[in-house]
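2 protein chains.
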Amino acid sequence: MALLVQKYGGTSVGSVERIEHVADKIAAARSRGHRIVVVVSAMAGETDRLLKLARAIDLRPDPREMDQLLSSGEQVSIALLAMALRKCDVPARSYLGGQVAIHTDDAFNKARIQAIDTERLLADCAAARVPVVAGFQGIDPDGNITTLGRGGSDTSGVALAAALHADECQIYTDVDGVYTTDPRVEPRARRLDRITFEEMLELASLGSKVLQIRSVEFAGKYKVPLRVLSTFVEGPGTLITFEEESVEDALISGIAFNRDESQLTVAGVPDRPGIAAAILGPIGEANIEVDMIVQNVAADSTTDFTFTVHRNDHERACEVAQRIAAELRAKGVRSATDIVKVSLVGVGMRSHAGIASKMFTALAAEGINIRMISTSEIKISVVIQDKYLELAVRTLHKAFGLEAASTST
Amino acid sequence: MALLVQKYGGTSVGSVERIEHVADKIAAARSRGHRIVVVVSAMAGETDRLLKLARAIDLRPDPREMDQLLSSGEQVSIALLAMALRKCDVPARSYLGGQVAIHTDDAFNKARIQAIDTERLLADCAAARVPVVAGFQGIDPDGNITTLGRGGSDTSGVALAAALHADECQIYTDVDGVYTTDPRVEPRARRLDRITFEEMLELASLGSKVLQIRSVEFAGKYKVPLRVLSTFVEGPGTLITFEEESVEDALISGIAFNRDESQLTVAGVPDRPGIAAAILGPIGEANIEVDMIVQNVAADSTTDFTFTVHRNDHERACEVAQRIAAELRAKGVRSATDIVKVSLVGVGMRSHAGIASKMFTALAAEGINIRMISTSEIKISVVIQDKYLELAVRTLHKAFGLEAASTST
Chain A
0 MALLVQKYGG TSVGSVERIE HVADKIAAAR SRGHRIVVVV SAMAGETDRL
50 LKLARAIDLR PDPREMDQLL SSGEQVSIAL LAMALRKCDV PARSYLGGQV
100 AIHTDDAFNK ARIQAIDTER LLADCAAARV PVVAGFQGID PDGNITTLGR
150 GGSDTSGVAL AAALHADECQ IYTDVDGVYT TDPRVEPRAR RLDRITFEEM
200 LELASLGSKV LQIRSVEFAG KYKVPLRVLS TFVEGPGTLI TFEEESVEDA
250 LISGIAFNRD ESQLTVAGVP DRPGIAAAIL GPIGEANIEV DMIVQNVAAD
300 STTDFTFTVH RNDHERACEV AQRIAAELRA KGVRSATDIV KVSLVGVGMR
350 SHAGIASKMF TALAAEGINI RMISTSEIKI SVVIQDKYLE LAVRTLHKAF
400 GLEAASTST
Chain B
0 MALLVQKYGG TSVGSVERIE HVADKIAAAR SRGHRIVVVV SAMAGETDRL
50 LKLARAIDLR PDPREMDQLL SSGEQVSIAL LAMALRKCDV PARSYLGGQV
100 AIHTDDAFNK ARIQAIDTER LLADCAAARV PVVAGFQGID PDGNITTLGR
150 GGSDTSGVAL AAALHADECQ IYTDVDGVYT TDPRVEPRAR RLDRITFEEM
200 LELASLGSKV LQIRSVEFAG KYKVPLRVLS TFVEGPGTLI TFEEESVEDA
250 LISGIAFNRD ESQLTVAGVP DRPGIAAAIL GPIGEANIEV DMIVQNVAAD
300 STTDFTFTVH RNDHERACEV AQRIAAELRA KGVRSATDIV KVSLVGVGMR
350 SHAGIASKMF TALAAEGINI RMISTSEIKI SVVIQDKYLE LAVRTLHKAF
400 GLEAASTST
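Protein chains in written order, with numbering that gives the first Met the number 0: chain A, 0 to 408; chain B, 0 to 408.
For the record, the hints were derived by calculation from the structure and aren't laboratory data. Since the model is a prediction, treat every value here as computed from it, not as a measurement. Do not take every clue at face value.
Copies of the same chain look alike in the list, so a pair counts if it works inside one copy or between any two.
What the hints assert, rightly or not - Pairs of lysine-lysine residues, derived as DSS-like cross-links and limited to a Cα-Cα distance of at most 27 Å, are as follows:
(1) Lys86 - Lys109
(2) Lys397 - Lys357
(3) Lys222 - Lys24
(4) Lys51 - Lys86
(5) Lys24 - Lys51
(6) Lys86 - Lys24
(7) Lys109 - Lys220
(8) Lys51 - Lys109
(9) Lys109 - Lys222
(10) Lys386 - Lys357
Generate the whole structure from the sequences, applying the supplied hints.
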């Protein structure tokens, strides 16, 4: 008999029928002897509807009022799910963030969870009741409602699992697990049974949008076993473990990619200390997030400094870069928006040499030119021209044997 | 400089445009130097939408979950109105019932307000901020959300006005005041500048659905001056006063009517003590509300006992009445659904004789037969055949000179 925190996303509770389906799933898990604590997002579309109302009034609405507004979405879904559970004879009780209470700081729209009172939830479990908790929301020290930012319901689920010392936090969504890559790009992409937290972090941050990145960090920090499963298809999903070794014994877990990047190069900057800060400082001040940063060893007294930003920030970043280039007496700024980033991720590469060269060879064999390279312990990212994205993903997927289980080298 | 509690109903905040219009009205009142505390209902249609969702899951949803669900409606409207106020440079802050806090008992769906903390609201007023409070909702001693029943936002407004010792509680709605009768029946119906609480209670309970009856009782109990005004048309509205004398010096304030009644007569029941209880007891146990009750002096050893119920309850009431009639060995049950109740209301009739006879004479002159009569200190109600409703209302409106100010008798 395990204590499970089950989190259901907006699509999973997007209609009365789906809410009833979720109630059935919970009832089934409970009849197998598990104690269940449920976390729910707002019904799909509801948050957008509320955002639209707010923006019709004010394009930059007051953050406190925004949280007051948006948190009503989960209030509806928890009440409906509790009703549906009771309808199938499962005693249930819904709780708002403030009723649990889930204590956060007062950073409206992007609050951080500080503490969770588990008394009510444990009392419910002890009484064989299913508590249904509103995800995404909490309460600040003054009693104001706060929200955790979009996708914050995953974080709520993980935080509750950590506070309750649950055996597993199960994130129910509309995909049945984490895949080796996006099946829309490579139909032979395969669902992973297990993946390590570090791999998941790299995959998530690189664009495999299965889980909110913060919830994965949270789960890793508190060692909460996390499982991603589908609400609509039965199956084991993917377990995200905090074990050191990738159980599948594969070098590479998956291939992530990101179509939203653009590249800027400040060419011919003086090769001296402080240059990186001189360039990235003003970019950060302009509220532009930088992803990859590459600087090669200088060939002469100058060097080229390259970084990538979100494509939406491209024009603003170029303006800032031009200004910096002039100040630094650099040769100029080169930029490109027709690029994508493709990344190999796997804890196996820590202990194996030759992964990078195998990657570059495979890409070269298809005539794909690599424009930038950046590596971490468990990830190799390359920037290539956007038209080669699909070809690159499929080539690497095959080269590292991801379509079949654990046959890579 | 007065302290005003302004309550805006669902139609008044039914769209973004209307919310902005309400914000303008509040800003204008504030710029005239008034301190304003606002109470808001859910956007029109929202409560019905939520009810429909709940009933799709369970025709008799859990009362606690129902309140958790329904209270989200006001949460949306208060946040949007606070945003709209800030947009027009009025500092504002929204509060849920539990944030104020508005303390209630734990009778979900029909909670009663026990106490209101005024600290936050008074602090806002002192800081020239406008607090925007969710109507209809409160919090019970265990921190559960409760609701006051449909139309409870009026009660919230009055209760807040009482707690804050406000100078006036202004109920903004889609009518511009209380009329001498329904203008759809008598186009010459006239808006009353003032009306007493007792008259308003009789008018409200008789079907002039301008204000929720409980809020009027509440206002009377705490001597809160109550004003009904239109959100959409400028004007003074109708002030409901707790002064003894009707200021307009009219005998009759208005004519109410009710089309939803049906009549049952248990004929030939023994004329002995306990008969009324023997008949109404089982009716009450069947959860049927009784409106008028008439029993005449017995001519022989038996009498006829007549009462009216809501037309929706007619069939059930007939079944119960048949059973009772058999038990009491009564002659039988007669019933009619083609009836309406028409009532004259006015504090003036307390000190004036001849009102009833004038009423009956006027009706008789039009050939309208009276089936039942029931009177109170400030009201005379008659039951007539439904087809005569409009004629009766117009006849009485004219007979008592209601179309012109204070020229009756």
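These are the hints, each one checked on the structure:
1. Lys86 - Lys109: between (35 Å within a copy, 22 Å between copies)
2. Lys397 - Lys357: within (12 Å within a copy, 99 Å between copies)
3. Lys222 - Lys24: within (26 Å within a copy, 54 Å between copies)
4. Lys51 - Lys86: between (33 Å within a copy, 16 Å between copies)
5. Lys24 - Lys51: Answer is between: at 23 Å across copies they meet the 27 Å cutoff, but 32 Å inside does not.
6. Lys86 - Lys24: This pair counts as within: shortest intra-copy Cα distance 13 Å, inter-copy 45 Å.
7. Lys109 - Lys220: Within. Shortest intra-copy distance 19 Å satisfies the 27 Å Cα cut-off; inter-copy 46 Å does not.
8. Lys51 - Lys109: within (19 Å within a copy, 33 Å between copies)
9. Lys109 - Lys222: within (23 Å within a copy, 45 Å between copies)
10. Lys386 - Lys357: Close inside one copy (21 Å), not across copies (92 Å); limit 27 Å.
The structure meets every hint from the earlier list without exception.
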